[in-house]
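Chemist: Let chain A serve as the given structure and place chain B on it in line with the hints.
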Amino acid sequence: MLNRPAIVAVGRTKFGEHYGKEPEKLIEEAWLAASNECNLERKDLEACYMSDCFLPITNKLGLEEGFLSELTELHVPMEVTRSFSAALLTACHAIQAGVYNTVLVGGIEKMTDRWDKIRDDLMLLEDPWSYFAGGTPESNHELLLRAYIKKYHITGENLEKLNVALAYVSVKNHANATKNKNAQYQRPITVEQVLHARKTAHKPLGMFDFAPISDGASALILTSEATAKKRCDKPVSVLACSSATDYLNYSAREDLSRFVAAEIAMKNALQTAKIALSDMQVIEISDQSTMMELASLEDLGFIEPGTAWKGIYESYQNNRNFYEINGKQIFVNTDGGLKADGNPFGATGGAQIFEVYRQLRGEAGTRQVKFVDGSPKKGCVSEFEGFGTKAYVTILGEKKS
Amino acid sequence: MSSEPIERRVSYLGDRLRASRCQSCGKEYFEVRDYCSNCGRKSYGKMENIDLFYDKGKLELCTFINEPTNKFMKLSSFVYGIVSFHNGKIRVPARLTDQLISDAKDIDLTSLEGREVVPRFRRRYSVGKSEVVPTISLAFTLADEYYPHQEYKVTAPNKEYQLPGVVGYGVYTSKFRIKEAGLERAVPFVDEDSITAAVEAGKLALIHSGVDSKLIGKVYVGSESNPYSVKPIASKVAQVLKLGEEDGDVQGVDAVDTEFACKAATSMFKDACALVSYPRSGIKYAMAIGADNSQAAPRGCPGGELDTFVGYGGAAFIFGKNDVIAQVEGWYSCTSDTPDFWRRDGEAFPMHGGRFTGDPAYFKHVRKSTCKLMERFNLKANDIAYFVAHQPNPQFPARIAKELGFKDEQYLPGIMINKFGNTYSGCVPLSLASILDIAKPEELILVGSYGSGAGSDAYLLRTTNQLVDKRKQQKANVKFQAENPFIEYVDYQTYRRFKLGM
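Heads up: the protein sequence lines correspond to chains A and B, in order.
Under my numbering, read the first sequence as residues 12 to 412, first letter to last.
Under my numbering, read the second sequence as residues 62 to 563, first letter to last.
Only chain A is shown next, with the shape it has when bound in the complex (with noise of 0.2 Å):
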């Protein structure tokens, strides 16, 4: 790959309730931390790249460029998109056709600002119809699950075991968070908790099951790796970007047990990275919902489709932090994913990016991951945005010698 793009600083805020904050301060905060990790001056900057889902709408902000060149008392060129890895991959494209050395990426995201309406606002924009026959932010996925259990025939006691390993995805997340100071829930749960939310409301998923509505920023600095190696001895290649779309009415879709805009992204993922599959080892996974990280690890290939569960369910009797496919352990959601570090969609690919980027340089602390080799060598991160209307995979790791 032509300049391929690295990572050389990531920062970020702690995620949850900022009432007290405007966005302009977390996304301060956030790209702050991430230039001191760089020594990076301002005036080095020759573009930034932003993600905000809603700030139109929470924050009825229109022009978040506006308040960005404010911020840095810049004028070099800014765009917006919806999603982190949306902003990642148009970054990463401009930095491989030479245009930019150096940019930064922020994401931000203000939904508690707007918490009493916000569950509406999500529905219209991720699917007007379902929204208008009724639907909620949470019963897609719901669905997803019905579908899931229907194509898979999956019954008795295999439905129970289905069940628990959804309840451990959450029971793993919330684990794993409670060594990440910067997620919003960084307390334990147990398996009866999430039974116990879901038989409460007499649904196929509870409370339990659902990432939370967050605000938060994040923010990285990508560089060409020419110029990675001044600013860091240590910086994380962008091994591949890539995305996927599918119909924004989920109903209307061929497959209604999985999302198959994150089976293409990962595809063609690997083929940019040549790299396979199996090299991956730490795994940040756009868990909205329980379902959707055992649905992932299906649609992103790790599992073969229809047996997630009984991965998971093995992961959940052992009591392992980490699920085990053909003999190798796969890392998932080490920072507590969307469940536990919390979901403010524009930060949230971010904050799974930051995720990595710790783990491959060994930076992870207490939540580090630790193979017979050291840290992990590669990892990828899975971001949708809407009900897996578009699919994005990140790939990064040292770059292939």
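None of these hints come from the bench; they were simulated from the model.
Only a predicted model underlies this, so the values are computations on that prediction, with no experimental measurement involved.
For each residue, glycine too, the CB sits at the ideal point set by N, CA and C.
All clues given are correct.
Now the stretches of chain A that chain B is said to cover, found in silico as 3 or more residues with beta-carbon under 8 Å:
(1) 122-135
(2) 153-166
(3) 212-220
Distance condition first, Cα-Cα at most 27 Å in a straight line; then the derived DSS-like pairs of lysine-lysine:
(4) Lys-162(A) x Lys-117(B)
(5) Lys-162(A) x Lys-88(B)
(6) Lys-501(B) x Lys-536(B)
(7) Lys-54(A) x Lys-36(A)
(8) Lys-161(A) x Lys-117(B)
(9) Lys-166(B) x Lys-162(A)
(10) Lys-166(B) x Lys-172(A)
Modeler: Just chain B now, with coordinates in the frame of chain A:
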């Protein structure tokens, strides 16, 4: 949604469940499309417009919602899922309606999956009082329960009659009832109103008549509970039921709302007859609908005495000269300026002036119109098989029937207030429908409607042989709806909440 253009586009597709089919590959879409994404450019202009309005679907997947989004709060909890049509060629998001879920434990999601469902025309969600009322047919009920699926088959007319008359009719009432003091009254579900009842009744009338909806040249909707002060229910009916020739998104039909308290619809029966008889009108059929979510102030408030009698529902009658099931032999109408019942603009509930109720209003006018009509045709009570009068309460129709010399067996079959309540503009049409359900050919029916304010229309109808033939085209007749095993009874608080709507 505060944007009228968006609202218009959503309801244009969603009310009728408009869809398209590629004539080359057969792929179907829930939207009006100019080309098929499978076949690309070569399919341009070869897409067939279809809709799912009269179809039966299958609930593929479902889940339970007990924390709805803000606009659905008034439904509190419901089943939501995905419905497929045409063996899975089209799938749409779906809300099950008409479910009063008191305990979520009663809902077995897995047993609902796979069940057949029928689309129902309902309010979509709550909006502000000054906004356009959003509607949709992505609300469904189970096909083997209260509201059975009925096929709409257009049939070529067989026989032309000299006199115009009823060609078909449809009666719509909700699944819910309140039972008090020996009276059962229909209660709308929270997503129903007079608009949804008018559309449903019209739909059932089209199914019963077998008349091609594009041949309906005029539609009248009589109601006193239109959610709008200004904007006709009839325009919604015309668009959703595709009345008149369809040209783009405009229907070649005249549609108008009428208001004269409870006789708003019956008053138009004669206009419909006249219109289809006028040789140069070019109108073969006209539809008159009476529908109301009958309003009443809560008990104990001024006007609250009505609260014991009000119902919900409507009936639609199609008039024409072909395949007539009951010819309209004649009519007599009378009017006086008598303020016995009124509702001022902007007021939520009507007032009921006790002084004029009864003799100076109801009895005087109904007596006048029916006696005059009987005189004109030189008829005595025993020449007539059935007598139908307006029913503001159970006593009034019985008293006027006896006064006119009718026996129990002549007027009791047409008394429906004890089953559905007073459905205001829908009351006499619904009661007439209950008689047409059971009458034999060549029988005379005398109708005496009443509208406060005040006036009465009397009609003399003579049934034909075709009355019996057409009954097989109607599963949901009045008796079926009155004795339906799936009726659900609600308490007073729920009844008031449901009537208030979304």
